[in-house]
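Chemist: Residues per chain are reported as follows:
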Amino acid sequence: MSEESFAYTPGLAASPMTLVTKIRSLPVKGEILVDKGQKVDFDTIIGRSVLEGAPYIVKVSEMLGVEPEEVSRYMTVKPGDRVKKGDIIARYTAFFGLMKREVAAPIDGTIENINELTGHVIVRELPKVVEVTAYIRGIVKDVIPGEAAVIQTPAAYVQGIIGFGGERHGEISLAVSRPDEVLDEKKIDESYAGKIIVGGSFVTYDALVKAQKIGVKGIIVGGANIADIERIIGYKIGVAITGRENMGFTLILTEGFAKLAMSDRVFNILKQNEGREAAINGATQVRAGVIRPEVIIPLEESYIKEEIETKESDKVKIGSIVRVIRYPYFGAIGTVVELPVELHKIETESPVRIVKIRLSDGRIITVPRANIEIISSE
Amino acid sequence: MTLSSEPRFILATDVGSTTTKARFFGKINNEWRFLASGEAPTTVEKPVEDVTKGVRNAVREVEELTGHKILDDSSEELKFIMPYRGGREGIDIYVSTSSAGGGLQMLVAGVVKTITAESAQRAALGAGAIIMDVLSVDDGREPFEKINIVRFLRPDIVLIAGGTDGGDVTHVKEIAEIIAMAKPKPRFGASYKLPIVYAGNKDAREDIKKIFPRDYFDLRIVDNIRPQIEVENVEPARNMILELFMEHVMAHAPGYEKLMKLVSTDIMPTPAAEGLMIRTFAETRKVNVLGVGLGGATTNIYSYFDGRFLRTVSANLGMSYSIGNVLKEAGIENIKRWIPLDLDDDVIRNIIYNKMIRPTTIPMTLTDLIVEHAVAREAIRMGFNHHKYLARELKGVKKERTISDIFEEVREEETYIDMRRIDYIIGTGGLLSRAPRRSQSMMILIDAFQPVGFTYIMQDSVFMIPHLGVLSKLYRDIAIEIFERECLVPLGTVVAGRGSGDIGDKIADITIEYNDGRKESFTLNFGEIKRIDVSQDTEVTVTVSPTKYFDFGAGFGKRISRKIRGGVVGLVFDGRGRPVISLKERDKQINLLKSWFKSMRLYPENFEEMTTQ
Chain L
12 MSEESFAYTP
22 GLAASPMTLV
32 TKIRSLPVKG
42 EILVDKGQKV
52 DFDTIIGRSV
62 LEGAPYIVKV
72 SEMLGVEPEE
82 VSRYMTVKPG
92 DRVKKGDIIA
102 RYTAFFGLMK
112 REVAAPIDGT
122 IENINELTGH
132 VIVRELPKVV
142 EVTAYIRGIV
152 KDVIPGEAAV
162 IQTPAAYVQG
172 IIGFGGERHG
182 EISLAVSRPD
192 EVLDEKKIDE
202 SYAGKIIVGG
212 SFVTYDALVK
222 AQKIGVKGII
232 VGGANIADIE
242 RIIGYKIGVA
252 ITGRENMGFT
262 LILTEGFAKL
272 AMSDRVFNIL
282 KQNEGREAAI
292 NGATQVRAGV
302 IRPEVIIPLE
312 ESYIKEEIET
322 KESDKVKIGS
332 IVRVIRYPYF
342 GAIGTVVELP
352 VELHKIETES
362 PVRIVKIRLS
372 DGRIITVPRA
382 NIEIISSE
Chain F
34 MTLSSEPRFI
44 LATDVGSTTT
54 KARFFGKINN
64 EWRFLASGEA
74 PTTVEKPVED
84 VTKGVRNAVR
94 EVEELTGHKI
104 LDDSSEELKF
114 IMPYRGGREG
124 IDIYVSTSSA
134 GGGLQMLVAG
144 VVKTITAESA
154 QRAALGAGAI
164 IMDVLSVDDG
174 REPFEKINIV
184 RFLRPDIVLI
194 AGGTDGGDVT
204 HVKEIAEIIA
214 MAKPKPRFGA
224 SYKLPIVYAG
234 NKDAREDIKK
244 IFPRDYFDLR
254 IVDNIRPQIE
264 VENVEPARNM
274 ILELFMEHVM
284 AHAPGYEKLM
294 KLVSTDIMPT
304 PAAEGLMIRT
314 FAETRKVNVL
324 GVGLGGATTN
334 IYSYFDGRFL
344 RTVSANLGMS
354 YSIGNVLKEA
364 GIENIKRWIP
374 LDLDDDVIRN
384 IIYNKMIRPT
394 TIPMTLTDLI
404 VEHAVAREAI
414 RMGFNHHKYL
424 ARELKGVKKE
434 RTISDIFEEV
444 REEETYIDMR
454 RIDYIIGTGG
464 LLSRAPRRSQ
474 SMMILIDAFQ
484 PVGFTYIMQD
494 SVFMIPHLGV
504 LSKLYRDIAI
514 EIFERECLVP
524 LGTVVAGRGS
534 GDIGDKIADI
544 TIEYNDGRKE
554 SFTLNFGEIK
564 RIDVSQDTEV
574 TVTVSPTKYF
584 DFGAGFGKRI
594 SRKIRGGVVG
604 LVFDGRGRPV
614 ISLKERDKQI
624 NLLKSWFKSM
634 RLYPENFEEM
644 TTQ
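Line by line, the protein sequences are chains L and F.
First residue of the first sequence: 12, per the working numbering; consecutive thereafter.
First residue of the second sequence: 34, per the working numbering; consecutive thereafter.
Hints are computed from structural coordinates only; laboratory data are not their basis.
None of these values were measured; they are calculated from a predicted model.
Think of the CB as a built atom: it goes at the ideal place given N, C-alpha and C, for glycine as much as any other residue.
Any given hint might turn out to be false.
Cut-off 20 Å, straight-line C-alpha distance, at most; resulting in silico cross-link-like pairs (PhoX-like, lysine-lysine) [claimed, not checked]:
| hint | chain 1 | residue 1 | chain 2 | residue 2 |
| --- | --- | --- | --- | --- |
| 1 | F | Lys-361 | L | Lys-40 |
| 2 | F | Lys-216 | F | Lys-242 |
| 3 | F | Lys-361 | L | Lys-247 |
Stretch by stretch, here's where chain F covers chain L in the computed footprint (C-beta under 8 Å, at least three residues) [stated by the list, open to error]:
| hint | segment |
| --- | --- |
| 4 | 222 to 229 |
| 5 | 247 to 261 |
| 6 | 328 to 339 |
According to the in silico footprint, chain L covers these stretches of chain F (three or more CB under 8 Å from chain L) [said to hold, decoys possible]:
| hint | segment |
| --- | --- |
| 7 | 165 to 174 |
| 8 | 345 to 359 |
| 9 | 370 to 382 |
| 10 | 454 to 464 |
| 11 | 606 to 613 |
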């Protein structure tokens, strides 16, 4: 039975060479500006669309003191007219002009609708043009006319556990020599401007401030204090839906909050690609449609078939290489030696399903199955 | 599907936002028993995107543990062996609840915030929804602000109320117009028409139809939720929401169409099923009950008080996905007041936020456990405040409040829930059910709800209240039988007084009389907890003579006597006052907490050494 019993443990992807495909969609239908087969760079505009402005309701009948169905009589503009903020759009006069009420446009926009049911007039903001970039360097694999372009490239690919800040690109540059080294402000200098810095186990608050000041594009590091990140962002994080933070650079944590050494595997992938340009995105959504932050380093080499590692069907088996993802053994890597079916009591006295892991130093540790991720099931 | 008149084996699943939980029940020697549980991560997300995979994994665990064959392995798609074939093979009934993918998310709107918008909230909450926002004409936001908010929400269903029948139609049309103009996008794809439930002034129906064009909206019209100012009629709106939940929301979630074919009755939103079971229990026993479902993403609070049932959900207070938000809303000081350890604030914060980003991990050290338990108290406390905000008498005119007020203490006189008259508190949810010691969940519930007088505390043994709730739609008696005998763990009675004083001051003389004639008397001092071992089967008479500064249910200084039972934890005499005393000096607070934890035998004797390693 123990052979069959398993724990589903999703792991984060970390691959030195894989095929990355990105669907770059327009927010609403628009125009795609690239062709299938075309080479694109990080900043290439692949398409643009026009976003409808927000509508403003002007309560004309109330403001003029007339019935809703009478509003049209007093309008000085008609649907489709462009107006500027402050332009008079409705006017009511009585007693030969002695009594006058006027309504001004609240924004620059277009008169969209005069509603005789409610007596309201809708003024819509002017449309905004939104451009979408390729985000990664690669080839346009496919085009969905008016909607999206599919970009593909062989790349080194790493997922983080949480990130802050959106899409950026820059040259990968190591500021530490080991994955367990702390990235402090002394390790950051002007030469990192515009680059993506790789740190080790922890980034200090002062280092974050300095990075911001110098103008780095991104930081990839094992851990940080949540309070430090919140200080930089300027507000408190409630739920793990991130990516829109506006701090001038993108921060990706590969392990979590606290001082946590970056996994060797991830560190080595980043090290091997030092000097190459990478696309990064801190967008994270832990709930409903999990999104993790990512580092994509496009490679020139011809593609070697290796799928991005999605661990969905992996089962923990005797012999699986796993990594512990919760204190007190956070980051420990070892081989599964036992998967007992029955429940075991851990330090908290909770009876849980556990896994026994042999570490490289020969020690055998017992951890809840929920607290591991699979590195390899081979 | 035909129902068996005498089922033998029943399988129930709850497809939660994090975990899919299977519960297996059987009739053994003429009594209904809970036989086994199985759990597996929910597979609603990419790359799997098929909930039936998670259900299969959870049921597979039940099979492993019981040796009872449930899955039909001849089929590639999830299929159960139905009906029961004798021996250890097959089931008669399969039911399920779901809160996967964030549950049922709704936008509600009304004309007046404290009248129709409040009624609309109660209707949506009763149907198991998470409320994304509440719009009303008087919510203090400009129309363009409302439009901007609505534009970027992706609700599953919108509920619009407003106006009494025969009354003014202008305002309800105005609020409808705002929603129509903003065109909120549904969560599931462009081909999906956004369902709108209109439960406002019936005279505005024709105009409402014009405001919501058919090519974009799926408008459903039901009876007015407030036909008259003093009448609230939430049932038609609630039933329509549940119908739309099945028709639209469930049908669009990955894999649900397969699951819907397998169930013996409609899949219910988890909180709606949980509420149904608590309500059924309260009605059957004719008691006042408070319940809490402390989940990973949300905290649901249920009350049944003097025949009135109410459910509320705090969408962003939970123990995994939303745990960071509990800290954010409560503040670090409120969390720390329940932690008797000298931990750096950053350490506490990091423990909490690491749980948020790895929501399926479980605490392995006592420090982590104690921190999570502290957060749980605050999540329930704030959820209960939110609940009390809606547990108010129907009124035409009320004091203005903003939505941020819901996290502040609600004054007692504003809610109809009288803590002195609550008979039972029932706790459920992963953290409570999995608490290693029952005294921990009892203490969390006492600290969070702070009951007054004599209150019996129970908890879900293994998370199964939603499972039984959905089952009660088919077999009420079986559900009640399992609920009372197998599901609820009797923790014990808490006896507590309202009032405040100085540490060490006497607050009451207490006498316990046992059935065998034994008598035990003691003094309860301010700031202390006394726990006495009394089992569930033992009934004792407790007499409390409080000082004039304390009220144990009969009034300040008034003597009160009650027959009460114990439980697996026993009787808890809580002399910490209401609200529970909290000292400003950290050292003193830590010592106070330690004394409470010791009285309750909350953690291992040597927990201090274990947590300083």
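Chemist: Which hint numbers doesn't this structure obey?
Modeler: 1, 4, 7, 10 and 11
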